[in-house]
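**Q** The hints should help you fit chain G onto chain F, whose structure is shown.
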Amino acid sequence: MTSPGDGTPVKPPPSFSPGPARATSKSRYPDGQEVTHSIDAELAEARSPSSPTPLSATTAELPIRSASPHARSVRSSTPQLARSSLGSPFDGRFDGSEDIRSLIIRAFSPTVTVHASEDTDELVRNKGFRGGFCELIRPFGETVPGKVIIRDSVGSSRAWEDYGVRFVDLKGFGRSPPGRDSARDSPLAQIEEVLEKQLNSAEGPIGSSVPSKDVLGFPATTPLCKLFLRQLLSSTSAAPHETFGHPVASVITISSRNPAPLETLRQLYAESNTGDKRLPEWVNQEYLRYYVLIHDEERDDITESTKLYDQMKRHFGLHCHLLRLRSSQCVVTDDDSVQVPQCEWLSPQRTVIRETLVDLGTDDTPYLFDSDATAIRSFIRELIVQSVIPFMENRVAVWNDQVASRRRGISGRFMSMSRRWAGFGSGSRSGIGGSSGSGSGNYDSDQHFYSPDSPEAILRKMADFAVMLRDWKLSASTYEMIRSDFGNDKAWKYHAAAHEMCAVSTLLNPMAMSAKIKLESVDQMFETACYSYLTRCSDPTHALRCLALAVELLKSRGGSATESAARWAMRVMDFGLVGSVGQILFMERVAACYASKTPAGGAKWGARRRKAGMWSLFAADQWLKLGKPNLASACVEEAERLYGEVLETDGIFPMPEMQTFVDNLRHAVKVEYLEARGFDARDEPATEDPLDTEETSEKLEKIDKRNHRRSLIGLPGQLDAGNLKMTATVRDSENSPNDDFERA
Amino acid sequence: MSYYFTILSPTDTPIFNIAFGTSKGGGDGIARFRFPDTAQYMNQFIIHSSLDIVEEAQWTNGGMYLKHIDTYPPAAAYISAFLTPSGARFLLLHQPPQLPSGSSSGLGSSSLLGSSASTTRASSSSVAANPTSPQTEEAVRQFMNEVYESYVKTSMSPFYKQGMEIKSPVFRTKVTGAGKKWL
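Here the protein sequences line up with chains F and G, keeping their order.
Quick note: the first sequence uses this note's numbering, first residue 1, plus one each step.
Quick note: the second sequence uses this note's numbering, first residue 1, plus one each step.
Isolated chain G (complex conformation):
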């Protein structure tokens, strides 16, 4: 499973980005997305497009953690979202690893979308393999809460103004730590 975590300011500007892989089940914590190296913009496109759903879900969902809200089927990318009181939004894109048999796509399937075979998920209940299982939802919630805590502390820094990019290495370490711990 590969993750791409973004904090968006209320004006949709990214103020923090990190990509990491799973550390569970022998993972080495390095992100391996399905897009070719030349198409890493896909993560941002998918995140950006899921803002449509966030805008809708934030009115219909009571909690701060909106759970899994959106999917991008061609690349099997799943988006979970978390709202903060300041209007910043945490978006986590998670993508299960490419299955070895995953080249069923036909003649014209574009390299842009990555090859798919997304629907055949391993039946394992581990966080890494099943992005919509309750276990994953719970793990993401824990991750989001932990990040939120660090985010609040970081944004209380006297040198930080709202909407600025977060450059604090401490914050980055904490997010990485939370990712290692939960995802």
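If we strip away everything but chain F, and leave its shape as in the complex, we get:
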């Protein structure tokens, strides 16, 4: 039990199975001191004598639904909740912090716009995809099958299993949806809405859940928390100050039905370049164009299409693909139908819409022919491996040579400096030189962005490319280089974003640092980013994203970083950036951060079990206030596990008021949990003696606090608690006429 909380890459066993949980709680309380046993154990015990229902029936209705083979969609497979099996099909590939890290890494994926001709969208709509070609390929783009090999700036290559891109429709790009200003439509409110929906939809008649635990009994990250993080990371739309949402490439598509294919392609290109579908002016127009011809297998002749495809290759070069699809709609009953995977990265707004559709029962996840799915997968693999990645590598290398090295002061080494960067040396240097004021002049302070060909914007883009290529060493050093420039220009959003990404890259870089000094500088960067976002730009969404990244990445670093992770999580609660569900999630994160801090090298000290347990209990208290006894029960169990290692006697706290609080909490959780399951909680525990005593004391407590504490101290379970010395103390305190505990 010494490895960090979610470190083991082992798939957790199906949670809430009564077997192991009950076994442990039994072994912990050998002789009838059933003060702290888990709810389900209690339930089962209470039921078996009182009702004729056999135990197997009780177990059968426990929601281990995730094992259902017919996992149609995420929602339908987990109507119960949420925690044990919510999430994407990608969950469970890793466990714990590796999982979170992968999630964060994948959040910074390249964006590829899709620009399809009318006839293409028509063809795809016939297949049952109302959103057109983009909707068809979008889910497939989120995971590229097989390994993707990326070369970093120093020439070493590394293979990644989990690479992906985001496809966005060019039509909707960069145009913020209307009514964004109202508080209800802000991304944060939407995230909260998604969370609440998820919670409520999970609230079945037997709504129950327990966070999945891995083999060592450490809690894995709860799926609810993962959902929150994923929503948060996909909530930011394309903005000038960071280029993750800007297109890296554009897929221009026609179908074989098109009467004038080459002209259409030209026209589409022109539209995206200069026409009314032109991207906002803060987007660098220099991105890759990729041409796709969709061949309709059922209506058109392949020889014609091949001929056309060869023609395309001659005109547009290598960045072409022939995608062969069937044009008829696939239904479930077809032989080779496969379900289209769920989109993992939907913005909170889209998620809300989708959830609503699901609630109305109109969410018909479309199906595809197996051959189509294979064709799309291989198309995407080719697009990414042969075009997008080499293009990005190339851009990074060029910019690194031409802009970054000049900026680093090794000027003169590269002769071919393009004319438009000539203003660079004088421009931003003067900002640093102390001429203050409005800085370099590259920053348009009226419209709040740098023009995309200014060196600052290019360096930022290069650093973002490096992040997307997972070359965090280069990105960290580049952000480091430019972050002060933005401050000098008073480009506060850029300033904040550069600080944020600098810290994130530093933490993601597996090689760098373990030294404490480095951690302090990372903390400092998060501090600056958060201040700039919140105070200077009043942008709570980005601020929350920044802090959430700080929490998760610092936590995954382990060691003393976990404490600063916990501190950041408390800051989030302090700032009031999250709603009531979010607050509790962050409480759980604080607990998880502390729980993952393990004793240093065999020593007994250095863990933070008590702190973790305390936060778990508070989270349980809050879940209860929200009316989620199942989640509260999970937190209480978690707290008991954490406290188990530090308390002299299990479940017995040395401090009387703590004991009272914990007892009340356990009782309330139990009552509400049973009520939620339709039991009458009042007469239920009369079967067992120790429980009865506890019950009585709980009732007494409501009448008279003083009286209650006496009765609590006098609990039979505590008197034979083994430690004689302690018992003596307790008994003494009971007799004491001026008991300080009550005055305190």
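Honestly, the hints are just simulated from the structure, not real lab data.
Hints are all accurate, no fakes.
Computed footprint of chain G on chain F, listed as stretches where at least three residues anywhere in the stretch have a Cβ under 8 Å from a Cβ of chain G:
1. 570 to 577
2. 606 to 617
3. 657 to 663
Facing chain F, a subset of chain G residues (Cβ under 8 Å, in silico):
4. D12
5. Y41
6. Q44
7. L51
8. D52
9. E55
10. E56
Non-contacting residues of chain G with respect to chain F, defined by C-beta distances greater than 10 Å in every case (computed):
11. G26
12. A139
13. E146
All values reported here derive from a predicted model rather than from experimental measurement.
The beta-carbon is built from N, C-alpha and C at its ideal position, and this holds for glycine as well.
**A** This is chain G only, laid out in the frame that chain F set:
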């Protein structure tokens, strides 16, 4: 500033508790914690959780007085610790008074944590306002030393066995006196 002082036995059982407020700067010596009346258990939770840090700090710090070792940011509670040779530990929770402007917490901030705005401390160097200043550290040290002296004398009483709760009214008066004098 409100204080909560606890002596913990080596088995983490509290053997002495007292809550008091500052008497400096016109204080009336009555504790006013930020938690609502129903949440007074918070003091004990915070003290208990800071034992994690005490266990770590006692190996890395040479002195008996460990200074300010832990903070509970949501309630702006600061913990100072003092070790005794018998294994008993003195823990002092101090909490600066709630600032009048301190309701910046947002929509869902729970009543459990009290409302916060903890980071904005008055720049005064008085003991009451700045829990991490050297003056406060020094005042707490004086307080701890004085209490330690009384504790040693109390524990030498023939009727006192180690680990028992301290019920002596003399000791209580002395602690109160030390609190008045230094804090």
